[in-house]
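Asker: Same order as they appear, the protein sequences are chains R and D.
So that you can map any letter, position 155 of the first sequence is 155 in the working numbering, and since no number is skipped, the others follow by simple counting.
So that you can map any letter, position 249 of the second sequence is 1249 in the working numbering, and since no number is skipped, the others follow by simple counting.
Careful, some of the hints might be misleading.
To be verified - Selected chain R positions facing chain D (Cβ under 7 Å, derived; list incomplete):
| hint | residue |
| --- | --- |
| 1 | 73 |
| 2 | 82 |
| 3 | 84 |
| 4 | 89 |
| 5 | 100 |
What the hints assert, rightly or not - Cut-off 30 Å, straight-line C-alpha distance, at most; resulting in silico cross-link-like pairs (BS3-like, lysine-lysine):
| hint | chain 1 | residue 1 | chain 2 | residue 2 |
| --- | --- | --- | --- | --- |
| 6 | D | 1189 | R | 114 |
| 7 | R | 95 | D | 1288 |
| 8 | D | 1057 | R | 13 |
| 9 | D | 1288 | R | 102 |
| 10 | R | 95 | D | 1189 |
| 11 | R | 75 | D | 1189 |
| 12 | R | 105 | D | 1288 |
| 13 | D | 1170 | R | 75 |
| 14 | D | 1189 | R | 120 |
To be clear, the hints were calculated from the coordinates, so they are not data collected in a lab.
Cβ atoms here follow ideal geometry from the backbone N, Cα and C, with glycine treated the same way.
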Amino acid sequence: MSVDIRIRNAVKKYGDTTIITNLSLDIKEGEFFTLLGPSGCGKTTLLRMIAGFNSIEGGDFFFNSVRINDMDPVKRNIGMVFQNYAIFPNLTVEKNVAFGLKNRKLSKEEITAKTDQFLKLMKIEEYRTRMPERLSGGQQQRVALARALAITPDVLLMDEPLSNLDAKLRVEMRTVIKEIQNKIGITTVYVTHDQEEAMAVSDRIAVMNKGDIQQIGIPKVLYQRPANLFVATFIGRTNLLKSRMEIADGKPFVALPGNHKLQLDTVKEDELKPQDVIVSIRPEELYVKQDGEDGVTAYVDDAVFLGLNTHYFIHFENGEKAEIIQESQIDSIIAKGTKISLGVKTHKINVFDSEGKRNLVKGVVNDLDAYNGAR
Amino acid sequence: MTGAYSKKGDVWKLISVLVLGLYAVILIYPLCRLFKEAVISSDGKFTLDGFKAFFSKSYYVGSIGNSLKVSIATTLISLAIGVPLAYFYQMYEIKGKSLLQVLVILCSMSAPFIGAYAWIVLMGRSGIFTKILGSIGIHVGSIYGFNGILLVLSLQLFPLVFLYVCGALKNIDNSLLEASMNMGCSGAKMFLTVVIPLCMPTIIAASLLVFMRAFADFGTPLLIGEGYETFPVVIYDAYFAETGGNHMFGATVSIIGIVITAGIFLIQNWFSNRHHFTMNALHSIERKQAHGIRNVLINIYCWFVVCLSFMPQVYVIYSSFQKTSGKLFVKGYTLDSYRFAFTHLRKAIPNTFMIGISALVIVIILAILIAYLVVRRSNTANKVIDTLSMIPYIIPGSVIGIALVLSFSRRPILLTGTVAIMVIALIIRRIPYTIRSSVAVLQQIPLTIEEAAISLGSSKMKTFFTVTVPMMGNGIISGAILSWVTIITELSTAVILYNANTVTLTLAVYTYVSRGSYGVAAAYATILTVTTILSLLIYMKVTGNKEVSL
Chain R
1 MSVDIRIRNA VKKYGDTTII TNLSLDIKEG EFFTLLGPSG CGKTTLLRMI
51 AGFNSIEGGD FFFNSVRIND MDPVKRNIGM VFQNYAIFPN LTVEKNVAFG
101 LKNRKLSKEE ITAKTDQFLK LMKIEEYRTR MPERLSGGQQ QRVALARALA
151 ITPDVLLMDE PLSNLDAKLR VEMRTVIKEI QNKIGITTVY VTHDQEEAMA
201 VSDRIAVMNK GDIQQIGIPK VLYQRPANLF VATFIGRTNL LKSRMEIADG
251 KPFVALPGNH KLQLDTVKED ELKPQDVIVS IRPEELYVKQ DGEDGVTAYV
301 DDAVFLGLNT HYFIHFENGE KAEIIQESQI DSIIAKGTKI SLGVKTHKIN
351 VFDSEGKRNL VKGVVNDLDA YNGAR
Chain D
1001 MTGAYSKKGD VWKLISVLVL GLYAVILIYP LCRLFKEAVI SSDGKFTLDG
1051 FKAFFSKSYY VGSIGNSLKV SIATTLISLA IGVPLAYFYQ MYEIKGKSLL
1101 QVLVILCSMS APFIGAYAWI VLMGRSGIFT KILGSIGIHV GSIYGFNGIL
1151 LVLSLQLFPL VFLYVCGALK NIDNSLLEAS MNMGCSGAKM FLTVVIPLCM
1201 PTIIAASLLV FMRAFADFGT PLLIGEGYET FPVVIYDAYF AETGGNHMFG
1251 ATVSIIGIVI TAGIFLIQNW FSNRHHFTMN ALHSIERKQA HGIRNVLINI
1301 YCWFVVCLSF MPQVYVIYSS FQKTSGKLFV KGYTLDSYRF AFTHLRKAIP
1351 NTFMIGISAL VIVIILAILI AYLVVRRSNT ANKVIDTLSM IPYIIPGSVI
1401 GIALVLSFSR RPILLTGTVA IMVIALIIRR IPYTIRSSVA VLQQIPLTIE
1451 EAAISLGSSK MKTFFTVTVP MMGNGIISGA ILSWVTIITE LSTAVILYNA
1501 NTVTLTLAVY TYVSRGSYGV AAAYATILTV TTILSLLIYM KVTGNKEVSL
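Can you build the whole structure from these sequences, using the hints too?
Answerer: Have a look at this one:
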């Protein structure tokens, strides 16, 4: 049986240093929820607070309506997958998977049946009698997942489970993890610093920085309508251009280098006032215009062909540098030094206030706002 | 092997040959002599009379049983004390844990027979505790015989288990314990079903070491056994009972001893092969603060066993300052025991250092060379060297002593009674341990570093001395200091080989204990203990940490 998780005003301190000051969060039943952030942002700390391995210095943690702050980790009924898998090196694959079941007063038949079920589910039946040191990284990962799921936990916690795998396996295993989670429908909290991985597996993501959540939302919103500058730069790549928003005839305009005026239709009504802004344009939101068309003038510094796309590193007339991504063309790559004219997909770009704390564009959904009253 | 190393005429080939030659002279030849002595009668005919004599007397056969009983019981009790102690020490915050560890190490480094004699004085028939407890109506059982040997050896050897298992616990990744808790297994259950199995390879290795030490220990049963004859005592008696050139019975008993210990070793090997797996910790276990009654009990347990084990040494130091009248301690304090100690057996102290340091230097040089051969130049000859170097590990010290006497008491190599034979004995005894630690250190150094030096134009020998040896440095020095301590407390081989000119501190203690002059013995023992403590302090200074591993 899955649970929903409620965290209210959580505080974590190590001695005198406060890692997490005041954090609130709701994770829905059956949801695949990811804590994403750079290293040291407190995501693993939070996960271990949920697991019961870190003490909680303040706030409340609930599984459904049960407060778990002081509950022994043994009793929380959590399945956990560790960064280094934590597979018992002295036990076979089968015994690793059965380990948790043996602590549950189940009959022998039940243990065998459950073990078989999860070995089969994770496609590791053929390795059941092997010792862990004779397994590849991906196989070990499967064992760890089978072991965590076999005890039918209320919550599945995963702490950077893919970080020890090579790039190709990582992609393969994240698909496996997503599939299994869908099939079982268990509430899952997943920690990673890899934004692409987070987007690939998550229903919702909480982006964390320095112990605070910056934004909670579905991957699409985080990418397209980041709540602030940190989220915009941490998720995906973007070009940041300092500018000023002016209002003419009730319409907002921002100036791009070369004094190219860009009219915006997406700015929130209450932000419609002249102010300094930071314009965030992702590389794919710029496109090279055909000869003669009017656009932002730029010069190509370098081109990197990556198959599907070609990345161009450019500079504008005022010397500011930027990156653009174009679908690769069959004819040729634009040569270094070429003067080009750029168009902007205006409806896609984001505009932040001068400190980067607010997105001025409509459509930002941040589930964190729900707790602002509680803060 | 890489191309750079497969050239012919390599100087390492020469070293291989020299090392093999050395082993042939100081190890293989003596063992062959021993075997020949056991099966060839004085008139040059093959005979099994020695074996017949041994197995026809229940006294002799019984001594094997006694030794096995003592060794097995000691091993089990040492594990029962040492494993929980190590667990508590690594898992929880213990009050004064640094001091606790130092005391544990000191306990492991004193000669067992010193413990035996201290316990006699404390708990023997006219012991201090016996009298105090008797006056309030408590009568403890006899300290003599099996129980006494068990007490002394267990308290002496559990520190080895402690040190080994601490090392293993440090290699357990914290997440393994967290995974276990996650799946509903914690506390004592986790200790039994997760921690113990994870430490099993180490526990097996520690068991073998404890078993071998207990089996070969000779001083303890001699002092406190009182008729409970163990095998090393029989070997010793058999050797000294025979005079002249005839050592057939002593040699026979020695051979039987080797067969038994080799058998034990093979059994252990079989077990450890079945329990083999590798571990390395990304995040070591962090010590937690236990709370309430749990915390109190853990602290009491740790300090109780360590104090109990350390008490004999404290008492020995105390009694070295007591006044004596004849062989008895009387009221009052004096330095007379020391005065006597420094005026008699004057050679003991210089001998201890001279023999100890010579042996140590040779052991270190040999160990570095052999470790290099074994790790970097794996070939048949060097595998043979590896195996040879481990043989002394399973041979009781007194057997090595007898084998050396048999081999070097006549021309062309006449060494008996010299310092040289004492040094050789110590080399043979200590080298397996030092090689093991050197091999471990060398395996940590990537081969690419040496290859880099060679590619930059440094010759192989220069690379070895300027790159490899310095990198092994710290590991070698720390291993050497621990070897030093075991060298100066060695008794079982030396007791067969020594004479008035080659007496050492340990032997001096033994001599005066067996003469009943406990005051003088205490003085010598105190000097020995102080030397040990100083060595340990130097060790900690050199390695810069407080974590000692054997």
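Asker: Could you run down the list of hints and mark each one as holding or not?
Answerer: The hints, checked one at a time:
1. 73: 5 Å, holds
2. 82: 4 Å, holds
3. 84: With a closest approach of 5 Å, the residue 84 (chain R) hint holds.
4. 89: 4 Å, holds
5. 100: At about 3 Å, which falls below the 7 Å cut-off, the nearest Cβ of chain D leaves the hint on residue 100 (chain R) intact, so it holds.
6. D:1189 to R:114: Roughly 22 Å separates the two Cα atoms, so the pair holds.
7. R:95 to D:1288: Roughly 29 Å between the alpha carbons, so the hint for residue 95 (chain R) and residue 1288 (chain D) holds.
8. D:1057 to R:13: This hinted pair is violated, its Cα atoms lying about 73 Å apart.
9. D:1288 to R:102: 27 Å, holds
10. R:95 to D:1189: Cα-Cα ~16 Å, so holds.
11. R:75 to D:1189: 15 Å, holds
12. R:105 to D:1288: 29 Å, holds
13. D:1170 to R:75: 27 Å, holds
14. D:1189 to R:120: Within the cut-off at roughly 29 Å; holds.
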